[in-house]
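A.B. asks: Sequence:
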Amino acid sequence: MEILGINSADIGLPGAGRAVSSNTLELAKEIAGSKMKIEANCASRTVEADITPIVEISQKAGIPVEAALFIGSSPIRQYAEDWTLDIMLEHTRKAVKFATSNNLPVMYVTEDTTRANPDDIKKLYLTAIENGARRICVCDTVGHITPNGIFQLIGYIKRMLKEGGVKDVKVDWHGHNDRGLSVWNAICALQAGVDRVHGTALGIGERVGNAPLDQMLVNLKLMGWIENDLTKLYEYCKLTSEYTDVPIPAGYPVVGKDAFETATGVHAAAVIKAFKKGDKWLADRVYSGVPASEFGLEQKIKIGPMSGRSNIIFWLSQHSIEAKDELVSRIFEQAKKSKRLLTDDEINNIIKDFPK
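Residue numbers for the sequence shown follow UniProt numbering, beginning at 1 and rising by one.
Keep in mind the hints are simulated off the structure, nothing from the lab. For clarity, every value in this text was computed on a predicted model and none was experimentally measured. Wrong hints could be hidden among the right ones.
Stated by the list, open to error - Straight-line Cα separation of at most 20 Å, PhoX-like style, residue types lysine-lysine; simulated pairs: (1) LYS60 with LYS123; (2) LYS280 with LYS336; (3) LYS60 with LYS94; (4) LYS232 with LYS257.
To be verified - Ranges between beta-carbon positions, derived for each pair: (5) ASP178 with GLU294: 42 to 48 Å; (6) GLY149 with GLU206: 20 to 26 Å; (7) ASP245 with GLU26: 19 to 25 Å; (8) PRO64 with GLU206: 24 to 30 Å; (9) VAL208 with SER317: 41 to 47 Å; (10) LYS276 with ALA19: 53 to 59 Å; (11) LYS273 with THR343: 23 to 29 Å; (12) ASP279 with ALA19: 53 to 59 Å; (13) GLY132 with LEU222: 16 to 22 Å.
Beta carbons are placed, not taken as given, at the ideal position from N, Cα and C, and that holds for glycine.
Use the sequences and the hints to build the structure in full.
C.D. replies: Structure (structure tokens):
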């Protein structure tokens with residue numbers, strides 16, 4: 001994660017119970033023992049009972065652990081919980097003061113900020129800051145906002161902080177993907193001036209998930225905003241998939257199996273011509289807006305019903321097999337009969353059955 005440029009990680013919600021607290025402590029100890037630069041963060045409701053385990057974890061691991069103290073902020077949440085704004089302000093005041101008095105750096109998180117009353121979030125943020133919060137987090141908890149709304153909301157919060165004379169308080173963005181806008185929203189949040197954006201590997205999260213951290217990194221790299229080495233991105237996503245039992249869709253951007261495969265005759269022919277020129281830079285870009293080599297991957301030529309003979313000749317050469325006309329014709333014939341791409345095993349079986 002550090003290699004990719006991820007500088008902070010939520011390592012758990014220890015207030016959820018002993019098992020979670022124990023796992024969170026182990027992660028904190030691993031960060032400390034391995035002398036990682038990555039900063040630990042733990043989520044917590046704005047209640048002392050949730051914050052106390054974070055204090056204990058920080059003390060036992062011997063590292064600072066940021067407390068992400070969250071509370072619902074929208075009218076719809078207030079109605080569901082029977083909360084008044086005064087109750088929310090009191091919870092905020094007590095929780096932030098308790099955390100900071102126990103030497104925890106605090107990020108104050110307003111859930112559902114994008115559907116909240118602007119005056120309410122102003123009061124909540126300023127109360128948290130007055131009691132020691134050094135970072136606030138703007139949340140699109142239900143994936144409600146659009147990119148245009150991001151600029152308006154972050155602009156409002158920036159003006160609020162300036163008018164309140166607040167200095168040295170960072171602003172985070174936390175988004176979900178219910179409308180499929182989470183990556184673009186995160187980028188817009190950065191453009192609007194936030195200091196840090198949140199995401200998860202492969203976008204794994206509640207409902208349809210959070211902003212995919214891997215896709216955010218890819219876009220920021222291609223936009224020239226970061227210079228991080230992302231050649232290990234595929235490995236990071238693959239391990240995430242294995243550990244969480246969440247499969248990576250074949251067409252998933254960059255790390256999906258099909259991300260850099262082409263079988264269509266015209267497309268493949270252009271890529272092949274670039275390879276024949278010995279120009280990998282060109283081959284990476286002639287039919288791809290994302291250069292595979294930047295992410296430790298490569299373009300692949302496949303064979304299917306839309307393929308030309310050049311696909312087959314190139315595939316055979318890549319596998320050190322002589323491209324005899326009869327063999328090329330045999331594979332070409334089978335590819336045209338197929339309703340999908342041929343697998344490498346299927347191609348090898350055709351080759352094996354071909355008279356020597």
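A.B. asks: With reference to the structure, classify each hint as holding or not holding.
C.D. replies: Consistency of the hints with the structure:
With a C-alpha separation of about 35 Å, the suggested pair LYS60 and LYS123 falls outside the 20 Å cut-off, and the hint is violated. For the hint pairing LYS280 with LYS336, the CA-to-CA distance comes to about 29 Å; that exceeds 20 Å, so the pair is violated. Annotation: proposed proximity of LYS60 to LYS94 is violated, straight-line Cα distance about 24 Å (limit 20 Å). Between LYS232 and LYS257 the CA atoms are separated by roughly 16 Å; this keeps the pair inside 20 Å, and the hint holds.
Range check, ASP178 to GLU294: about 30 Å between beta-carbon atoms, so the 42 to 48 Å window is missed. Evaluation of the 20 to 26 Å hint for GLY149 and GLU206 yields a pass: the beta carbon distance comes to about 21 Å. Distance hint for ASP245 and GLU26: a CB-CB separation of about 21 Å, consistent with the stated range 19 to 25 Å. Taking the beta carbon of each, PRO64 and GLU206 are about 27 Å apart, inside 24 to 30 Å as hinted.
Our hint of 41 to 47 Å for VAL208 and SER317 holds, since their Cβ atoms are close to 43 Å apart. Evaluation of the 53 to 59 Å hint for LYS276 and ALA19 yields a pass: the beta carbon distance comes to about 58 Å. Checking the proposed 23 to 29 Å range against LYS273 and THR343 shows it holds: the Cβ atoms sit about 25 Å from each other. With their beta carbons about 54 Å apart, ASP279 and ALA19 fall inside the hinted range of 53 to 59 Å.
The supplied range of 16 to 22 Å is broken by GLY132 and LEU222, whose beta-carbon atoms lie about 39 Å from each other.
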